Amino acid sequence: MPKEACSGLWRSEDMVVLSLHMQREVAHDAVLKLGEIGMFQFHDLNKDLSAFQRDFVQEVRRCDDMERKLRFLQEEIDKAGVATIVEGGAESETMSSLEQKIDEVYSEVMELNEQYQALIEERNRSKEHLEILSRDFGGATGDGLMMVTGVIPKDRIPLFERLVYRATRGNSLMRTDDIDTPFYNINANESVYKSVFAIYFSASRLREKLVKIAEANAATVYNYADSEQQLNSMHASLKQQVDTITQTLHQSAYRQRQVLLGIAASCYEWRRAVVTEKAVFSTMNMLKFSGSTAIAQGWAPVRACEDIRTAIAEAEYLSGAQVGTIIEELPTKEAPPSYFKTNKITSSFQGIVDSYGMARYKEANPGVFTIISFPYLFGVMYGDVGHGIILTLLAAFLVFKEKSFEGQPLNEIFAMIFGGRYLLLLMGFFAVYMGLLYNDMFGFSIEIFSSAYSWPQLPPEGPEGIVYPSFPNGRPSVKPTSPVIFGIDSAWSETENKLEFYNSIKMKCSVIIGVAQMMAGVFISLTNYLYFNDRIKVWFRFVPEIVFLSCTFGYMCLLIIVKWLTTWENTHSAPSLLETMTNFFLAPGTITSPLYTGQAAVQLVLLLVCALCVPIMLCVIPYMEKREHDHKVQERAAHPPAEGEEEEDDDFEFSEIVIHQIIHTIEYVLGCVSNTASYLRLWALSLAHSQLSEVFWSFAFLLTVGLDGGSGFFVFIGFAVWMAATIGVLLGMESLSAFLHALRLHWVEFNNKFYLADGYAFEPFDLAESLSKIR
1 MPKEACSGLW
11 RSEDMVVLSL
21 HMQREVAHDA
31 VLKLGEIGMF
41 QFHDLNKDLS
51 AFQRDFVQEV
61 RRCDDMERKL
71 RFLQEEIDKA
81 GVATIVEGGA
91 ESETMSSLEQ
101 KIDEVYSEVM
111 ELNEQYQALI
121 EERNRSKEHL
131 EILSRDFGGA
141 TGDGLMMVTG
151 VIPKDRIPLF
161 ERLVYRATRG
171 NSLMRTDDID
181 TPFYNINANE
191 SVYKSVFAIY
201 FSASRLREKL
211 VKIAEANAAT
221 VYNYADSEQQ
231 LNSMHASLKQ
241 QVDTITQTLH
251 QSAYRQRQVL
261 LGIAASCYEW
271 RRAVVTEKAV
281 FSTMNMLKFS
291 GSTAIAQGWA
301 PVRACEDIRT
311 AIAEAEYLSG
321 AQVGTIIEEL
331 PTKEAPPSYF
341 KTNKITSSFQ
351 GIVDSYGMAR
361 YKEANPGVFT
371 IISFPYLFGV
381 MYGDVGHGII
391 LTLLAAFLVF
401 KEKSFEGQPL
411 NEIFAMIFGG
421 RYLLLLMGFF
431 AVYMGLLYND
441 MFGFSIEIFS
451 SAYSWPQLPP
461 EGPEGIVYPS
471 FPNGRPSVKP
481 TSPVIFGIDS
491 AWSETENKLE
501 FYNSIKMKCS
511 VIIGVAQMMA
521 GVFISLTNYL
531 YFNDRIKVWF
541 RFVPEIVFLS
551 CTFGYMCLLI
561 IVKWLTTWEN
571 THSAPSLLET
581 MTNFFLAPGT
591 ITSPLYTGQA
601 AVQLVLLLVC
611 ALCVPIMLCV
621 IPYMEKREHD
631 HKVQERAAHP
641 PAEGEEEEDD
651 DFEFSEIVIH
661 QIIHTIEYVL
671 GCVSNTASYL
681 RLWALSLAHS
691 QLSEVFWSFA
701 FLLTVGLDGG
711 SGFFVFIGFA
721 VWMAATIGVL
731 LGMESLSAFL
741 HALRLHWVEF
751 NNKFYLADGY
761 AFEPFDLAES
771 LSKIR
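Quick note on this note's numbering: the sequence shown kicks off at 1 and runs consecutively.
Rather than coming from a laboratory, the hints here were simulated on the basis of the structure. Predicted model, so just to flag it, every value in this text is computed and none were measured. Please note that the accuracy of each hint is not assured.
What the hints assert, rightly or not - Calculated lysine to aspartate or glutamate pairs in the EDC-like style (CA-CA distance at most 16 Å, straight line):
id : residue 1 : residue 2
1  : Lys632    : Glu653
2  : Lys278    : Glu59
3  : Lys626    : Glu667
4  : Lys498    : Glu694
5  : Lys773    : Glu406
6  : Lys537    : Glu625
7  : Lys209    : Asp243
8  : Lys154    : Glu122
9  : Lys278    : Glu628
10 : Lys537    : Glu402
11 : Lys239    : Glu161
12 : Lys773    : Glu269
13 : Lys341    : Glu763
14 : Lys127    : Asp243
15 : Lys626    : Asp534
16 : Lys101    : Glu269
17 : Lys278    : Asp65
18 : Lys69     : Glu122
19 : Lys154    : Glu215
20 : Lys278    : Asp55
21 : Lys127    : Asp65
22 : Lys278    : Glu99
23 : Lys508    : Glu579
24 : Lys773    : Asp534
25 : Lys209    : Asp180
What the hints assert, rightly or not - Computed spacing ranges between beta-carbons, pair by pair:
id : residue 1 : residue 2 : range
26 : Glu769    : Trp10     : 23 to 33 Å
27 : Gln258    : Leu49     : 42 to 52 Å
28 : Val609    : Arg309    : 34 to 44 Å
29 : Val609    : Glu329    : 16 to 26 Å
30 : Leu249    : Phe414    : 39 to 49 Å
31 : Gly170    : Leu249    : 41 to 51 Å
32 : Phe414    : Lys341    : 23 to 33 Å
33 : Leu318    : Ser347    : 50 to 60 Å
34 : Phe405    : Leu702    : 37 to 47 Å
Yeah, the Cβ is synthetic: ideal placement off N, Cα and C, and Gly gets one too.
Required output: the full structure, derived from the provided sequences and hints.
Put into structure tokens, the structure is as follows:
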């Protein structure tokens, strides 16, 4: 298999390290253009420098500051209810002019906000004073009685009364009166209910103490009029002051709205421009600058090299470069990153694999098989026509509406479901397919195809005790006339041993499916060995592994099929496969009930072959690698490297190779047993799902049909309960459970046969990813 032919989704795309030598003036536009195509992963050439020692740290800080100001302006625009119209308002702006414009608008809006806040507070004070003057507190009397009046938050009155009582030792009288209209607190952005208070006392020394207590409890103290004439004068003055401030507030709010309207159309584009510049300058901090030259290095897919050259040429044209950029490929011993080109359909399936671990460079990608195997295994566990149709319709709706949801802020859970809409669509499709095979719909059997069983017509009932001679043994003999066209015969749903039959067939199918997928995983490991030209592992790892699996559980699957194809006159005489496989390992050559002629000899040979595979897996590879290493050492001693050539690192440890091979052999041999048993979860969840469906249908709905007397009330209640259980348990919890079990079967039972998952992802500088975070 040629290495250059393996790319795309099956194996990682070919990667190369590129070095770009450019003029310093070209660096900004080059990084910008490379970010637009999103196919270049920059290496950090300044790892020895801290974040504060980089060349463009000041530019990044300026962008951070502009980003903060623009977020504030956007919040003010949203708060004012101004519609945002997206226009290209920043395309012709330089960063300096844009920064100046943002500063001017930000300062003006901040000044208007402060002015508006000051006016609100002043109007509140005037209104509070008016509330005091509108109440008859009597003023100071000729008997030397004094008074402190003010306004206090309503919830602070009980504490305030206790403090006043203690401070005056009871030598005071306090009156309060609630204000009906709340006051707007602009700092807390909420309405506050307040009350007017008046404290009467006789000792002049208490005034200062009472004022301090009031201010400590968020109260504001105001003077009360000494006479009726002064009261009228103060009331008129404050009323005029409130009217003037209200008018000024309207003018200030109008001015602020006009300013926000002026920038609403450009704010989004300004934010995009700032985010772009921040990302570009942050990336430029990874470049090496020397005089008038800038050097950039990084990984890139081979297929994108031409696009990168085009992007650099555009950058040179925009910056007016006099010297062309030198682009060269660099040899490297570093393991390249893995990059799989996906689309909106395959991305969710690749995400399932990547969440387990990133593929090693050029390692076979399980994501290709996951596209079919994952929804298929889900369908095996969740097979139900009704529930599958609901899942399919939900996924189809998300696919149909994907343009409406894309780019919109979504709830975290809904965003996850929407991202996996194509995965959900296939899961629903396979659930319907397996439901048709099971003949199962909402917990009851459906007869799409005719039953293969023909029931004989019974003669008229005769006298008690008469045995009709037309029937052998006095009862009808029921045998299928021909195989059913598709799926399980619906006649089994009405039999007494229905559960036993479904148990048997689902359990055996689960084992066959599991062994088939494990064998597929072992064969994929062969493609890895062939691709990397590792002939030793082809002959001494793949061959004994596939032989061991075939001679044990592959043979068990063959016995299952043979037993299915054999006609048994008496089912009780059919051999037990569990007993056969137990004797296969523990009592070789012992056959209590043979399936075919010569079974004992065949099983003995298979067991000997399995026993021979274990030492081959255990010993041959360490020996071959040790011999190959010794041969290289001898060649190196006979032909030492010339001056200037690098000598290869010798990190060979024979003990580590032996330990690794022992672990791998034990893990594989025991894993063949445990992994096969793990696939029985397909049978267990499928059976549990069908039984739960049947229980909900029978006891939540059918039971109420029998109780209903024609009113329809009980039927409605039963249907509501059944639908709630179906949505909550079967569509919610059961689908999630089947999803997680299918995930485990792929991560553990399938991937461990060929997938090392010790690579790292290709993470290019992509402006689209940075801009997608702007809402």
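Verification of the supplied hints:
| no. | hint | verdict |
| --- | --- | --- |
| 1 | Lys632 / Glu653 | holds, 14 Å |
| 2 | Lys278 / Glu59 | holds, 8 Å |
| 3 | Lys626 / Glu667 | violated, 22 Å |
| 4 | Lys498 / Glu694 | holds, 13 Å |
| 5 | Lys773 / Glu406 | holds, 12 Å |
| 6 | Lys537 / Glu625 | holds, 10 Å |
| 7 | Lys209 / Asp243 | violated, 34 Å |
| 8 | Lys154 / Glu122 | violated, 20 Å |
| 9 | Lys278 / Glu628 | violated, 52 Å |
| 10 | Lys537 / Glu402 | violated, 46 Å |
| 11 | Lys239 / Glu161 | violated, 30 Å |
| 12 | Lys773 / Glu269 | holds, 13 Å |
| 13 | Lys341 / Glu763 | holds, 12 Å |
| 14 | Lys127 / Asp243 | holds, 10 Å |
| 15 | Lys626 / Asp534 | holds, 15 Å |
| 16 | Lys101 / Glu269 | holds, 13 Å |
| 17 | Lys278 / Asp65 | holds, 10 Å |
| 18 | Lys69 / Glu122 | violated, 28 Å |
| 19 | Lys154 / Glu215 | holds, 14 Å |
| 20 | Lys278 / Asp55 | holds, 13 Å |
| 21 | Lys127 / Asp65 | violated, 39 Å |
| 22 | Lys278 / Glu99 | holds, 13 Å |
| 23 | Lys508 / Glu579 | holds, 15 Å |
| 24 | Lys773 / Asp534 | violated, 45 Å |
| 25 | Lys209 / Asp180 | violated, 29 Å |
| 26 | Glu769 / Trp10: 23 to 33 Å | holds, 25 Å |
| 27 | Gln258 / Leu49: 42 to 52 Å | holds, 47 Å |
| 28 | Val609 / Arg309: 34 to 44 Å | violated, 57 Å |
| 29 | Val609 / Glu329: 16 to 26 Å | violated, 49 Å |
| 30 | Leu249 / Phe414: 39 to 49 Å | holds, 41 Å |
| 31 | Gly170 / Leu249: 41 to 51 Å | holds, 44 Å |
| 32 | Phe414 / Lys341: 23 to 33 Å | holds, 27 Å |
| 33 | Leu318 / Ser347: 50 to 60 Å | violated, 33 Å |
| 34 | Phe405 / Leu702: 37 to 47 Å | holds, 39 Å |
When each numbered hint is compared with the structure, violations occur for hints 3, 7, 8, 9, 10, 11, 18, 21, 24, 25, 28, 29, 33.
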